[in-house]
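Peer 1: So the protein sequences, as listed, match chains A and B. Mapping the first sequence onto the numbering used here, position 370 (from 1) lands on 929, and the numbers just tick up by one. Mapping the second sequence onto the numbering used here, position 161 (from 1) lands on 720, and the numbers just tick up by one.
By construction, these hints were calculated from the structure, which means they are not laboratory data. Hints are not guaranteed to be accurate.
The list treats identical chains as one, so a pair stands whether inside a single copy or across any two.
[Stated by the list, open to error] Derived lysine-lysine pairs resembling BS3-like cross-links, with alpha carbons at most 25 Å apart:
1. Lys572 - Lys599
2. Lys838 - Lys650
3. Lys944 - Lys650
4. Lys656 - Lys944
5. Lys838 - Lys986
6. Lys597 - Lys572
7. Lys838 - Lys850
8. Lys597 - Lys866
9. Lys679 - Lys572
10. Lys866 - Lys630
11. Lys679 - Lys583
12. Lys581 - Lys594
13. Lys572 - Lys598
14. Lys850 - Lys583
15. Lys944 - Lys673
16. Lys679 - Lys944
17. Lys650 - Lys718
18. Lys838 - Lys630
19. Lys594 - Lys573
20. Lys598 - Lys573
2 protein chains.
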Amino acid sequence: MKILNNPSSEIWKKSLERPVQKAKKINKVIKPIFKSVKKKGDQALIQFAEEFDGVKLTEILVTEEEIKAAKNQVSTELQEAIEVAYTNISKFHTAQKQDELVEEVMPGVICRRKSVPIQKVGLYIPGGTAPLFSTVLMLAVPAVIAGCSEIILCSPPDKEGNIHPAILYTASLVGLRKIAKVGGAQAIAAMTFGTESISAVDKIFGPGNQYVTAGKQRATNYGVAIDMPAGPSEVLVYADDSANPAFVAADLLSQAEHGIDSQVVLVTNSEDFAKKSLKEVDKQLKDLPRKDIAKKALKNSTAVVVKSRETTLDIINNYAPEHLIISVEDEEEVVDGIVNAGSVFIGKYTPESAGDYASGTNHTLPTYGYAKNYSGVSLDSFVKKITYQKITEKGLKLLGPTVEVMAENELLMAHKNAVSIRLNYLKNQK
Amino acid sequence: MKILNNPSSEIWKKSLERPVQKAKKINKVIKPIFKSVKKKGDQALIQFAEEFDGVKLTEILVTEEEIKAAKNQVSTELQEAIEVAYTNISKFHTAQKQDELVEEVMPGVICRRKSVPIQKVGLYIPGGTAPLFSTVLMLAVPAVIAGCSEIILCSPPDKEGNIHPAILYTASLVGLRKIAKVGGAQAIAAMTFGTESISAVDKIFGPGNQYVTAGKQRATNYGVAIDMPAGPSEVLVYADDSANPAFVAADLLSQAEHGIDSQVVLVTNSEDFAKKSLKEVDKQLKDLPRKDIAKKALKNSTAVVVKSRETTLDIINNYAPEHLIISVEDEEEVVDGIVNAGSVFIGKYTPESAGDYASGTNHTLPTYGYAKNYSGVSLDSFVKKITYQKITEKGLKLLGPTVEVMAENELLMAHKNAVSIRLNYLKNQK
Chain A
560 MKILNNPSSE
570 IWKKSLERPV
580 QKAKKINKVI
590 KPIFKSVKKK
600 GDQALIQFAE
610 EFDGVKLTEI
620 LVTEEEIKAA
630 KNQVSTELQE
640 AIEVAYTNIS
650 KFHTAQKQDE
660 LVEEVMPGVI
670 CRRKSVPIQK
680 VGLYIPGGTA
690 PLFSTVLMLA
700 VPAVIAGCSE
710 IILCSPPDKE
720 GNIHPAILYT
730 ASLVGLRKIA
740 KVGGAQAIAA
750 MTFGTESISA
760 VDKIFGPGNQ
770 YVTAGKQRAT
780 NYGVAIDMPA
790 GPSEVLVYAD
800 DSANPAFVAA
810 DLLSQAEHGI
820 DSQVVLVTNS
830 EDFAKKSLKE
840 VDKQLKDLPR
850 KDIAKKALKN
860 STAVVVKSRE
870 TTLDIINNYA
880 PEHLIISVED
890 EEEVVDGIVN
900 AGSVFIGKYT
910 PESAGDYASG
920 TNHTLPTYGY
930 AKNYSGVSLD
940 SFVKKITYQK
950 ITEKGLKLLG
960 PTVEVMAENE
970 LLMAHKNAVS
980 IRLNYLKNQK
Chain B
560 MKILNNPSSE
570 IWKKSLERPV
580 QKAKKINKVI
590 KPIFKSVKKK
600 GDQALIQFAE
610 EFDGVKLTEI
620 LVTEEEIKAA
630 KNQVSTELQE
640 AIEVAYTNIS
650 KFHTAQKQDE
660 LVEEVMPGVI
670 CRRKSVPIQK
680 VGLYIPGGTA
690 PLFSTVLMLA
700 VPAVIAGCSE
710 IILCSPPDKE
720 GNIHPAILYT
730 ASLVGLRKIA
740 KVGGAQAIAA
750 MTFGTESISA
760 VDKIFGPGNQ
770 YVTAGKQRAT
780 NYGVAIDMPA
790 GPSEVLVYAD
800 DSANPAFVAA
810 DLLSQAEHGI
820 DSQVVLVTNS
830 EDFAKKSLKE
840 VDKQLKDLPR
850 KDIAKKALKN
860 STAVVVKSRE
870 TTLDIINNYA
880 PEHLIISVED
890 EEEVVDGIVN
900 AGSVFIGKYT
910 PESAGDYASG
920 TNHTLPTYGY
930 AKNYSGVSLD
940 SFVKKITYQK
950 ITEKGLKLLG
960 PTVEVMAENE
970 LLMAHKNAVS
980 IRLNYLKNQK
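Next comes chain A alone, as it looks inside the complex (with noise of 0.2 Å):
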């Protein structure tokens, strides 16, 4: 990890830039993928089970049996910490529920808008060596909360043609009752075009790798829609000499963790501090089961020295970062500063790893700077807002002159006339 000190902004912007990210090879893997499960159904995901998950599968869809099963198979200990952070997340995506806006704009014209749950949703959870448990929780929790029609898993099964319990306890927990044994780009294939198992939804989230992310680019052209674009995983910390070097090291170091293509950002209003923290980095890194991929991701790690508050907030606002960890005296201030980024952690006794699991915020966010212009997965993510209009004779009355001159204006008369034919019937009535 290197250190800039006081860099030009020419400097620390070429410094963050984010590596590019090429598509057009894995493109053309999974176009053949697609083009078969659209055709072929059920038969296609049997067959790229085969090919790409070594298992022949007699079943697509988890059994009652086999959700039955899998409570038994995942620790009391574990069990419990799920019922906690399912606890929260509910707790905080409940929130964001919305009334219905009334707003009667003008005597008679009454403007309405509402939550309405997408109907039809596809969750994906990858598979490997790691289940990730957390993830069902942040894509499935607000799914349900939204009141989603249907909602299915798809995750890829192991050698032995099973989820792993974690997965499916936490995703029977929350309510989920379908769950599909089908991962990489094939999943997502399914989610565009349905099989007989599974049905073609109107929205896709969740993670994956680059095929995933790929399929989920692709379904785009089918008209389904996906909760963000993807990108790899990245923190920010901010932190002053009030900040522990412990602490900072072991945030960026639970950000490296995740892949060779983690990006992970000190910035720091002192040298000494930014010393210190590398210093802890080294010591940390030795014991880590993955550090490996750590060191790795470290390499394109940078920590940057700068003293003014003003550049501070310019790099964090520029960089956008997915994870912001802010751990400085004046924290509050700070945080009235930063206009983009993902999701922000305050003070020195807020972890990124928190919010990855358990705090009640979601961990599906924006990264690769997309958190200038997208949010992260929210109760949003699975409604659409509609927007409704009544207008009573006396409201037309008031607001039909209004719409029959921008009309004629913009030469459009067929909508001239729509307000007009309405407003003769209502004087002949007189």
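Once you have looked at the hints, place chain B on chain A.
Peer 2: Chain B alone, transformed into the frame defined by chain A:
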């Protein structure tokens, strides 16, 4: 306009399918435009203005003088109409503001969520014969209410190098100051990459021809967000015998005059009503200046006669119309059954054109079936919601063990360690 009497679901699904959109050819045209604007900035914009708009520009940005002069060219009648619309749209969009959400999910674990304006937004307003000043209101009003720090409006100049005075007047009324004489894909490229006169923006809004919409799609490859995917405009009218066939015909025509690819659908429980309405369509069509366009649009349009309420709701929700007019006796019952629509117009005195211009709702709406998974433009479109968490010592003691267990089970030991190191520190302090 053909009538389908009590069709099977295969028949109505087939008949209501949207036309396929083809983008490949257009992408070939806009690719070099993007390249040129990226490389040559303003110089490219001036070249393209000469090539596509037939005008030699000396200045790209509209001057204060031009804005002042515009006011005198807009009739008092139109100024007053625009002001009424402005007031209604402002009221309804201001009512969409959300307070910061603060939720203490556990003692010492405080989660927050706040709307923060997207900093830089670009609004595109098409040129052509009709000045779409109404779209200026629909995009600029929420941008200003949201508090976006930089708002740029692009619109193509006419052959004299001017933007229509009604557009300038409206933009100025709302408070915009940066207006550029740039149209087409080059405007989108300019807002994507930035030029000497035009800032690169975070999100681009607005309608346009196929070059503009393909340009917006291309902009998303460079990290820019867009309001929503594009498609031809459409209306579905659901009416029973309580409705007025002349009103219904006027509404169908006001959609049909938009363009030859406009989609117009009538759903009714009465064949007699369908016939009366279509007769009225023929009658009113004759007097319309844009009758040739409307005629072509109506050729591909369908009236569906269906008795069952359940099937009716099925048809509407499957089609997911951009505009839905409900003119039936039990209107609110129908409204409750609608899960997919952009904006809903309730009752016989609520023509679509009221919402197009002045009722207060936004007219930038999801079309082409995207009402299933996208909302129309609203205040939300100009903000992102950032989450925050602050955990106290007490909070971390309470929540920390949960995070440790979950992280360990996801095999992310550095995530666990970020909590453990803090809990150990707190323990040792005692």
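Peer 1: Could you figure out if Lys656 and Lys944 sit no more than 25 Å apart (CA to CA) within one copy, between two copies, both or neither?
Peer 2: Both: 12 Å inside a chain and 14 Å across chains, each within 25 Å.
Peer 1: If the cutoff is 25 Å on CA atoms, where do Lys944 and Lys673 land: within, between, both or neither? Let me know, please.
Peer 2: both (5 Å within a copy, 18 Å between copies)
Peer 1: Is it within, between, both or neither when you check Lys598 against Lys573 at 25 Å Cα-Cα?
Peer 2: between (46 Å within a copy, 19 Å between copies)
Peer 1: Using 25 Å as the alpha-carbon threshold, which applies to Lys679 and Lys583: within, between, both, or neither?
Peer 2: neither (29 Å within a copy, 30 Å between copies)
Peer 1: As a check of your reading, is Lys838 near Lys850 (CA-CA no more than 25 Å) within one copy, between copies, both or neither?
Peer 2: within (15 Å within a copy, 76 Å between copies)
Peer 1: Pop the pair Lys594 and Lys573 into one bin, within, between, both or neither, using alpha-carbon distances up to 25 Å.
Peer 2: This pair counts as between: shortest inter-copy Cα distance 22 Å, intra-copy 40 Å.
Peer 1: Should Lys866 paired with Lys630 be assigned to within, between, both, or neither, using CA atoms and 25 Å as the limit?
Peer 2: Neither, since 53 Å and 48 Å both go past 25 Å.
Peer 1: How do Lys944 and Lys650 come out at 25 Å by Cα distance, when the copy is not named: within, between, both, or neither?
Peer 2: Classified as both: same-chain Cα gap 22 Å, cross-chain 17 Å, threshold 25 Å.
Peer 1: How would you classify Lys650 and Lys718 at a CA-CA limit of 25 Å: within, between, both, or neither?
Peer 2: For Lys650 and Lys718, neither the intra-copy (37 Å) nor the inter-copy (59 Å) Cα distance is at most 25 Å.
Peer 1: First find the shortest C-alpha distance between Lys850 and Lys583 inside one copy, then the shortest across copies, and answer within, between, both or neither for a cut-off of 25 Å.
Peer 2: neither (31 Å within a copy, 46 Å between copies)
Peer 1: Cα distance capped at 25 Å. Does Lys679 pair with Lys944 within a copy, between copies, both, or neither?
Peer 2: Both, since 16 Å and 24 Å are each at most 25 Å.
Peer 1: Give the relationship of Lys581 and Lys594 under a CA distance limit of 25 Å: within one copy only, between copies only, both, or neither.
Peer 2: Intra 22 Å, inter 19 Å, cutoff 25 Å: intra and inter.
Hint check: violations occur at hints 2, 8, 10, 11, 14, 17, 18; the rest are consistent with the structure.
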